[in-house]
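Participant: Let the sequences and hints guide you as you build the complete structure.
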Amino acid sequence: MSVQERKERERAARERLIVATARELAEQQGWDAVTTRRLAERIEYSQPVLYSHFRGKREIIGAVALDGAAEMAAALRASASAADGPRARVTALARAYLDFAARNPAVYDAMFELDGGLAFASEDTPQPLKDAFAALLESLGEVAGDGVHSALFTEVFWAALHGLATLTRSGRLPPEDTEPRVELLVDRLAVV
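For what it's worth, our numbering labels the leading residue of the sequence shown as 1, then goes sequentially.
Quick caveat, the hints were computed from the structure, so don't treat them as lab data.
Yeah, the Cβ is synthetic: ideal placement off N, Cα and C, and Gly gets one too.
Do not rely on the hints blindly, as some may be mistaken.
Unchecked claim - What follows is a set of in silico ranges between Cβ atoms, one per label pair, in the way DEER data are often shown:
(1) 176 / 3: 55 to 63 Å
(2) 99 / 2: 23 to 31 Å
(3) 127 / 152: 31 to 39 Å
(4) 141 / 187: 15 to 23 Å
Facilitator: The structure is reproduced here in structure tokens:
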């Protein structure tokens, strides 16, 4: 291994450490607790080293969001592939989405609530965000119904899931009614 390859590998490892530490701190104490000073202390590097990877908190939030999108896409695909039939796939997908949001609140915030400097629904959208949407579209496209644009249907279904996730987490919807909400959403929106 060349010196350059070793330096690139070390740099990538430092970057993963910064992102993992930011995510951990955000999950434990919220995003307000994530500062470059605290991150530098936790990873035991100077702030200039941190700034050599990210220009600031916004970019760190964006990196956490991209990691989260990749994880969400994998979870959605795994849940859908384990289900038998369109209705079961959509139900499993909805459950997996809501479960991901509940288990990873800070990551979910980084993905959809905070400014991570990421472009959505444009040519500049990063691939992990496109993959997360594609993971939804793969199962939802088959239940959109005749004459319904599958991407638009997926956006509406996703918006409903996002609303359920955020309203439940904020205490505005009781969590014990999540399953009936999923069933209602699937029954009323999906053509299965």
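Participant: With reference to the structure, classify each hint as holding or not holding.
Facilitator: For each hint, the structure was consulted:
1. 176 / 3: 55 to 63 Å: The hinted range 55 to 63 Å holds for residue 176 and residue 3, with Cβ atoms some 58 Å apart.
2. 99 / 2: 23 to 31 Å: 44 Å, violated
3. 127 / 152: 31 to 39 Å: Given range 31 to 39 Å: violated, Cβ gap about 22 Å.
4. 141 / 187: 15 to 23 Å: 18 Å, holds
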